[in-house]
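J.: Generate coordinates for the entire structure from the input sequences, incorporating the hints supplied.
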Amino acid sequence: MSALGHYLEQEGIATVAISLVRAQTENVRPPRALWVPFELGRPFGPPSDPGFQTNVVMTALRMLEITSGPSVLRDFPLDDPREAPDLRWRPPRLMTAGARVSEDLATLLECEIPMLESSYKQSVAQRGRTIVGLSGLSINEAGHYVAAWLRGGIPPSPTAEMSAPLVLRFAVDDLKAYYTEAALAGPAKPSSKQIGDWFWDQTAAGDAILNLRKIHLASSDDRLRAIAGLFLVPGIRATPTG
Amino acid sequence: MVRLSDLPSAQAKRYAELECPSFEATPWVTGPPLSERRIAIVSSAGLVVSGEKPFRGRDAEYRVIPSTTRPDRLLLSHISINLDRTGFEEDWNVVFPLDRLNELAADRAIGSVAATHYSFMGATDPGLMESYAREVASRLKGDSVDGVLLSPV
Numbered sequence: 419m420s421a422l423g424h425y426l427e428q429e430g431i432a433t434v435a436i437s438l439v440r441a442q443t444e445n446v447r448p449p450r451a452l453w454v455p456f457e458l459g460r461p462f463g464p465p466s467d468p469g470f471q472t473n474v475v476m477t478a479l480r481m482l483e484i485t486s487g488p489s490v491l492r493d494f495p496l497d498d499p500r501e502a503p504d505l506r507w508r509p510p511r512l513m514t515a516g517a518r519v520s521e522d523l524a525t526l527l528e529c530e531i532p533m534l535e536s537s538y539k540q541s542v543a544q545r546g547r548t549i550v551g552l553s554g555l556s557i558n559e560a561g562h563y564v565a566a567w568l569r570g571g572i573p574p575s576p577t578a579e580m581s582a583p584l585v586l587r588f589a590v591d592d593l594k595a596y597y598t599e600a601a602l603a604g605p606a607k608p609s610s611k612q613i614g615d616w617f618w619d620q621t622a623a624g625d626a627i628l629n630l631r632k633i634h635l636a637s638s639d640d641r642l643r644a645i646a647g648l649f650l651v652p653g654i655r656a657t658p659t660g
Numbered sequence: 663m664v665r666l667s668d669l670p671s672a673q674a675k676r677y678a679e680l681e682c683p684s685f686e687a688t689p690w691v692t693g694p695p696l697s698e699r700r701i702a703i704v705s706s707a708g709l710v711v712s713g714e715k716p717f718r719g720r721d722a723e724y725r726v727i728p729s730t731t732r733p734d735r736l737l738l739s740h741i742s743i744n745l746d747r748t749g750f751e752e753d754w755n756v757v758f759p760l761d762r763l764n765e766l767a768a769d770r771a772i773g774s775v776a777a778t779h780y781s782f783m784g785a786t787d788p789g790l791m792e793s794y795a796r797e798v799a800s801r802l803k804g805d806s807v808d809g810v811l812l813s814p815v
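Going down the list, the sequences are from chains A and B.
Reminder that position 167 of the first sequence reads as 585 in this note's numbering, one-by-one numbering, no gaps.
Reminder that position 63 of the second sequence reads as 725 in this note's numbering, one-by-one numbering, no gaps.
None of these hints come from the bench; they were simulated from the model.
Every residue gets a Cβ at the ideal spot worked out from N, C-alpha and C, and that includes glycine.
It cannot be assumed that every hint is accurate.
Claimed, not checked - Interface residues of chain B toward chain A, partial, derived using beta-carbon atoms under 10 Å: (1) Ser-684; (2) Phe-685; (3) Trp-690; (4) Gly-719; (5) Ser-739; (6) Ile-743; (7) Arg-770; (8) Ser-774; (9) Ala-777; (10) Thr-778; (11) Val-798.
T.: Below is the structure:
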């Protein structure tokens, strides 16, 4: 991001960068940057809080009016209030959480997806949008595709546009988005940690992705090991061997 | 919560020390008051308008996001698994604050909002993005933009 600031400003356009990783910004020294103390993925702070977001945007944009520079780095003074848990929040109900309908994780995953359909639809109606869709598959197809990987081998790509590993990556992204959007249904405002704890610790989908990582980390195929290590499970949820 | 300090130390170090091109000097462009500026968003979140090709791996090129794009048409295809996506799921302004810019323009706090915004894939080697960034600069100038809000993810 900071490098883009150099390139655009060299071409004559004034820039101000939001910085999430202060050390990187200090290294690259863009013309202007505002470091924000928010988690990765939330450069403008809390969702559904227009006042707070406007404060971040305006604090950054006002730096365009600074007359002495370059390499001005300032710190935004407020933390993201949405990092605190919302104790009213309850995760969507999943029959698989208590009474497992099968010992086979791939089957559990395929059974679990439809159980979230009403929460997901409610959530989409509430927010007017979804970010499910990168794989180009329906969510049930994405689930079947991930399940097929879990059952062993490399299932063929369902599209000529993407390789099988790329479809796997996007199908996993779609599954995570479908589940976490379902978790946003209702009036409560859960923190990302609350949603993450539920997804990775209490759902068959989380289990399935963790297992997929474990299986492919032990693979003799370099490409599969790389995919397993880099693209499936966040660093804070993974152990070195899976 | 995924702050850098929450990641395993080796991963956090990789982020903090990510190799970047070194610049001998930092450019500095001044301009009119904010209330007269035309502002665009340039994001490195791997944003794509639904139906367009998601970013793959570490693609160096960019995607175009017209100001008329609706929230239900914008997807996030960033390669990193370590960033929170639930904020963006709930409210696109967390990553792409177009609604906030439109409000600021209506309030005359900024001059206007660009017709087009742009997104790169932030995990790409910035050196590979240089020619594309200069192309974006040319397009921004064509839209009379004189202020860019650079948004990472």
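J.: Next, verify each hint and record whether it holds.
T.: How the hints compare with the structure:
With a least beta-carbon distance of about 8 Å to chain A, the hint placing B:Ser-684 at the interface is held under the 10 Å criterion. Given hint, B:Phe-685 at the interface with chain A, holds; its Cβ is 5 Å from that chain's nearest Cβ, closer than 10 Å. For B:Trp-690, the shortest C-beta to C-beta distance to chain A is roughly 4 Å, which falls under 10 Å, so the interface hint holds. For B:Gly-719, the interface hint holds, since its Cβ comes within 10 Å of a Cβ in chain A; the closest pair sits about 8 Å apart.
For B:Ser-739, the interface hint holds, since its Cβ comes within 10 Å of a Cβ in chain A; the closest pair sits about 6 Å apart. Satisfaction of the interface hint for B:Ile-743 is found here, the shortest Cβ-Cβ separation to chain A being roughly 5 Å, below the 10 Å cut-off. With a cut of 10 Å, the hint placing B:Arg-770 at the interface with chain A is violated, because the nearest CB-to-CB distance is about 13 Å. About 13 Å separates the beta-carbon of B:Ser-774 from the nearest beta-carbon of chain A, more than 10 Å, and the hint is not met.
Among the interface hints, the one on B:Ala-777 is violated; its C-beta lies about 15 Å from the nearest C-beta in chain A, farther than the 10 Å criterion. A cut of 10 Å between beta carbons decides the hint on B:Thr-778: the least distance to chain A is about 14 Å, and the hint is violated. A distance limit of 10 Å between C-beta atoms decides the matter here; for B:Val-798 the minimum to chain A is near 7 Å, and the interface restraint holds.
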